[in-house]
Amino acid sequence: MKNQNLYNYILTIADNSLILAQRLGELCGHGPSLETDIALTNISLDLLGQTRSYYQYAAKILDENKTEDDIAFLRIEREYKNCLLVEQPNTHFGYVIGRQFLFDVYHLMLMEKLQNSPDETLSAIAKKGIKEISYHKRFSSDWVKRLGDGTEESKAKMQEAIDDLWRFTDELFFMTNAEKKLAEEGIGVDISTFKEKYYQEVSEVLKEATLTVPENKYFTKGGKEGIHSEHMGYLLADLQYMQRTYPNMSW
Amino acid sequence: MLTETAHIENHLIPVLETVSDPEIPVLTVLDLGVIREAVEKDGVVHIKLTPTYSGCPAMDVISDDLKAAFSEIGKEVKVELILSPAWSTDWISETGMRKMEEYGIARPLSETSDKDVLLGNKKLVKCPQCGSTNTHLVSQFGSTACKALFKCDDCQEPFDYFKCLK
Numbered sequence: 001m002k003n004q005n006l007y008n009y010i011l012t013i014a015d016n017s018l019i020l021a022q023r024l025g026e027l028c029g030h031g032p033s034l035e036t037d038i039a040l041t042n043i044s045l046d047l048l049g050q051t052r053s054y055y056q057y058a059a060k061i062l063d064e065n066k067t068e069d070d071i072a073f074l075r076i077e078r079e080y081k082n083c084l085l086v087e088q089p090n091t092h093f094g095y096v097i098g099r100q101f102l103f104d105v106y107h108l109m110l111m112e113k114l115q116n117s118p119d120e121t122l123s124a125i126a127k128k129g130i131k132e133i134s135y136h137k138r139f140s141s142d143w144v145k146r147l148g149d150g151t152e153e154s155k156a157k158m159q160e161a162i163d164d165l166w167r168f169t170d171e172l173f174f175m176t177n178a179e180k181k182l183a184e185e186g187i188g189v190d191i192s193t194f195k196e197k198y199y200q201e202v203s204e205v206l207k208e209a210t211l212t213v214p215e216n217k218y219f220t221k222g223g224k225e226g227i228h229s230e231h232m233g234y235l236l237a238d239l240q241y242m243q244r245t246y247p248n249m250s251w
Numbered sequence: 252m253l254t255e256t257a258h259i260e261n262h263l264i265p266v267l268e269t270v271s272d273p274e275i276p277v278l279t280v281l282d283l284g285v286i287r288e289a290v291e292k293d294g295v296v297h298i299k300l301t302p303t304y305s306g307c308p309a310m311d312v313i314s315d316d317l318k319a320a321f322s323e324i325g326k327e328v329k330v331e332l333i334l335s336p337a338w339s340t341d342w343i344s345e346t347g348m349r350k351m352e353e354y355g356i357a358r359p360l361s362e363t364s365d366k367d368v369l370l371g372n373k374k375l376v377k378c379p380q381c382g383s384t385n386t387h388l389v390s391q392f393g394s395t396a397c398k399a400l401f402k403c404d405d406c407q408e409p410f411d412y413f414k415c416l417k
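Residue numbers (the working numbering), protein chains in the order written: chain A, 1 to 251; chain B, 252 to 417.
Be careful, since some hints might not be right.
Simulated crosslink set (EDC-like; lysine to aspartate or glutamate; CA at most 16 Å straight-line) [claimed, not checked]: (1) LYS299(B) - GLU274(B); (2) LYS366(B) - ASP142(A); (3) LYS221(A) - ASP142(A); (4) LYS299(B) - GLU331(B); (5) LYS197(A) - ASP164(A); (6) LYS402(B) - GLU35(A); (7) LYS292(B) - GLU331(B); (8) LYS131(A) - GLU288(B); (9) LYS195(A) - GLU112(A); (10) LYS326(B) - ASP315(B); (11) LYS299(B) - ASP311(B); (12) LYS217(A) - GLU196(A); (13) LYS299(B) - GLU288(B); (14) LYS131(A) - ASP341(B); (15) LYS417(B) - GLU112(A).
These are computed hints drawn from the structure, not numbers from a lab.
So that you can see chain A by itself, here it is in the shape it has in the complex (with noise of 0.2 Å):
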């Protein structure tokens, strides 16, 4: 391989795409609206298709004869970069809203970086990203101001989500050796500098949508190094089923 630490950069940022992704389209024909669950699988769809862009050129660094799609379905569990926060469950609807508000803004915090690399490839697709997450934002963000100031029980289901999906969001700001190196060389992020610009924009929202900014000192991370919670593998036995089961199928 011509450089194995961006390889395991793009993955470490693409696989959070992708994995989210996957739970956002688990929900297709189950949103709890029609407008809503159109909502969630265009949002699925933007994060899928940044994902390509971003595993065509992984590939294109892998020099042996491998696709997107090996990249996408043919790899162990172990071998998945992404943030344990966005394999977290569908629990509810505010575990879907929570999940992607708190993806969300750091999701776009961390393209207005990197759409300054030097690396063309990774700022072309950050700017296109960029004008895609604003939307996610705007939409995730909106839902939990509507949930946690509206009825006693949304407010509820909204604070249990936060509280519960707080304890990942310390990792999105763990920096593999990949993502350390990258940085270094300057053409990755040093994603530690807006960690604190991070917490601030969310819990501006928290306090708007009149809930509580969790004061949990407990993080738990391992996702970025292939240290997956229990819902991965379940995840991963749906994404790979038809080309585990049909090997290089395709339709």
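Chain A is fixed; fit chain B onto it per the hints.
Frame of chain A, contents of chain B only:
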């Protein structure tokens, strides 16, 4: 805007005009501004295509349609998907905007106005059926990634609004 940045050889235009967006069939790929380059070299037509949205499923269909359209006149096509510079609704031609409205999709507003309507602050989107601006946002996401869903409070018709992307 389109003519400033896209490099399209004149003799290829008649064929390109026969290829339309599969989701909005009244718009040709030229109206939509997704063809960034079309040149013929040694009998092969090289086309650079840019997606409206990263995950736009129409891209694969458009690539196939381009190949089919040129194969009818015996020309081979190589399509390359490019991401940079990112597509913008400014690249939709004025003819395209008009056709879209006639088709029943409201045209994108300016960036500031777009934010105002999508945040529900102002009523600016014109109903393509009756022309009233007494409309409201039903969903930020519509039947495709590039559209939002609106409803007219005068004629009561629901309609799509093409979101501003810049």
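Cross-check of the supplied hints:
no. : hint                  : result
1   : LYS299(B) - GLU274(B) : violated (20 Å)
2   : LYS366(B) - ASP142(A) : holds (13 Å)
3   : LYS221(A) - ASP142(A) : violated (28 Å)
4   : LYS299(B) - GLU331(B) : holds (5 Å)
5   : LYS197(A) - ASP164(A) : violated (21 Å)
6   : LYS402(B) - GLU35(A)  : holds (13 Å)
7   : LYS292(B) - GLU331(B) : holds (15 Å)
8   : LYS131(A) - GLU288(B) : violated (23 Å)
9   : LYS195(A) - GLU112(A) : holds (14 Å)
10  : LYS326(B) - ASP315(B) : holds (14 Å)
11  : LYS299(B) - ASP311(B) : holds (13 Å)
12  : LYS217(A) - GLU196(A) : holds (15 Å)
13  : LYS299(B) - GLU288(B) : holds (5 Å)
14  : LYS131(A) - ASP341(B) : holds (14 Å)
15  : LYS417(B) - GLU112(A) : holds (15 Å)
The structure shown violates the earlier hints numbered 1, 3, 5 and 8.
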